[in-house]
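Let the hints inform the model, and build the full structure from the sequences given.
Taking the working numbering, I'd label the letters of the first sequence as residues 1 to 227.
Restricting the straight-line Cα-Cα distance to at most 20 Å, the calculated cross-link-like pairs of lysine to aspartate or glutamate (EDC-like) are:
1) 176 x 151
2) 176 x 212
3) 138 x 189
4) 138 x 173
Across the chosen pairs, the derived CB separations fall in these ranges:
5) 13 x 217: 30 to 38 Å
6) 176 x 79: 19 to 27 Å
7) 174 x 226: 39 to 47 Å
8) 223 x 149: 39 to 47 Å
These are computed hints drawn from the structure, not numbers from a lab. Quick caveat: nothing in here was measured; it's all calculated off a predicted structure. Beta carbons are placed, not taken as given, at the ideal position from N, Cα and C, and that holds for glycine.
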Amino acid sequence: MEVCSVTAPATVEEAEAIQDALRSRLDLTGPGPRDPALVAGVDVAYSDDLLAAAVVVLDAASLDVVERVTVPGRPAFDYVPGLLAFRELPSLVEALERLTVTPDLIVCDGYGLAHPRRFGLACHLGVLTGLPTIGVGKTAFVGSFEQPGRERGAWSDLLLDGEVTGRVLRTRDGVKPVFVSVGHRVDLETACRHVLALTPRHRLPETTRAADRLSRTALKTAMAGSP
DNA sequence: GCGACAG
DNA sequence: ATCTTGTCGC
Numbered sequence: 001m002e003v004c005s006v007t008a009p010a011t012v013e014e015a016e017a018i019q020d021a022l023r024s025r026l027d028l029t030g031p032g033p034r035d036p037a038l039v040a041g042v043d044v045a046y047s048d049d050l051l052a053a054a055v056v057v058l059d060a061a062s063l064d065v066v067e068r069v070t071v072p073g074r075p076a077f078d079y080v081p082g083l084l085a086f087r088e089l090p091s092l093v094e095a096l097e098r099l100t101v102t103p104d105l106i107v108c109d110g111y112g113l114a115h116p117r118r119f120g121l122a123c124h125l126g127v128l129t130g131l132p133t134i135g136v137g138k139t140a141f142v143g144s145f146e147q148p149g150r151e152r153g154a155w156s157d158l159l160l161d162g163e164v165t166g167r168v169l170r171t172r173d174g175v176k177p178v179f180v181s182v183g184h185r186v187d188l189e190t191a192c193r194h195v196l197a198l199t200p201r202h203r204l205p206e207t208t209r210a211a212d213r214l215s216r217t218a219l220k221t222a223m224a225g226s227p
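Here it is in structure tokens:
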């Protein structure tokens with residue numbers, strides 16, 4: 001599939017300016033895909049100065065793997081909270097370009113609209129691909145919230161400056177919740193429906209789990225190849 | 001001013 | 001993210 005390339009900033013100020021500029025291209029119109037056929041998970045694994053990006057496309061109904069792509073690389077930007085996209089997206093975009101199918105939804109590791117400048121990784125990838133994206137974070141980043149009820153499906157608002165920017169969603173009974181926020185072309189309600197559909201037996205979406213495993217094994221391969 | 005801070 | 005053993009529970 002076709003994907004716009006990532007503009008590589010040299011400084012934090014430049015990176016923030018890029019986010020502010022791209023934010024105007026965000027489509028926050030819902031509801032987004034109601035019944036996606038293909039859902040993709042993306043993730044990146046690191047080791048010193050090496051990394052491996054991975055994309056896994058699943059059949060949304062069966063959760064079977066349809067396609068997998070990995071790309072070895074080097075981090076192009078240090079990790080700075082709020083600028084994660086500049087570290088992970090260059091390689092992820094390469095991986096997505098090698099996909100022979102086009103997913104109907106991309107599930108990202110991290111945040112989307114729930115971000116200091118309202119433009120997290122999921123928003124950024126959405127604008128570059130033009131595809132619906134959502135962000136699923138494992139830990140708190142920005143925003144305040146109350147603990148949701150203990151049962152799967154329970155949720156609470158993730159508030160930032162008095163605005164609802166996401167949801168703290170319980171995907172398994174009595175298990176630590178995840179942080180869901182919209183990326184591009186999907187509304188929050190629909191995003192949470194998809195996250196629940198992707199978590200029939202684990203806390204994290206099957207897309208995230210599959211991409212995480214793939215990126216780690218690809219990293220080991222990359223380390224063996226260029227030591 | 002001092003911490004906190006997606007992955 | 002990554003460094004790491006055993007252990008409790010479905």
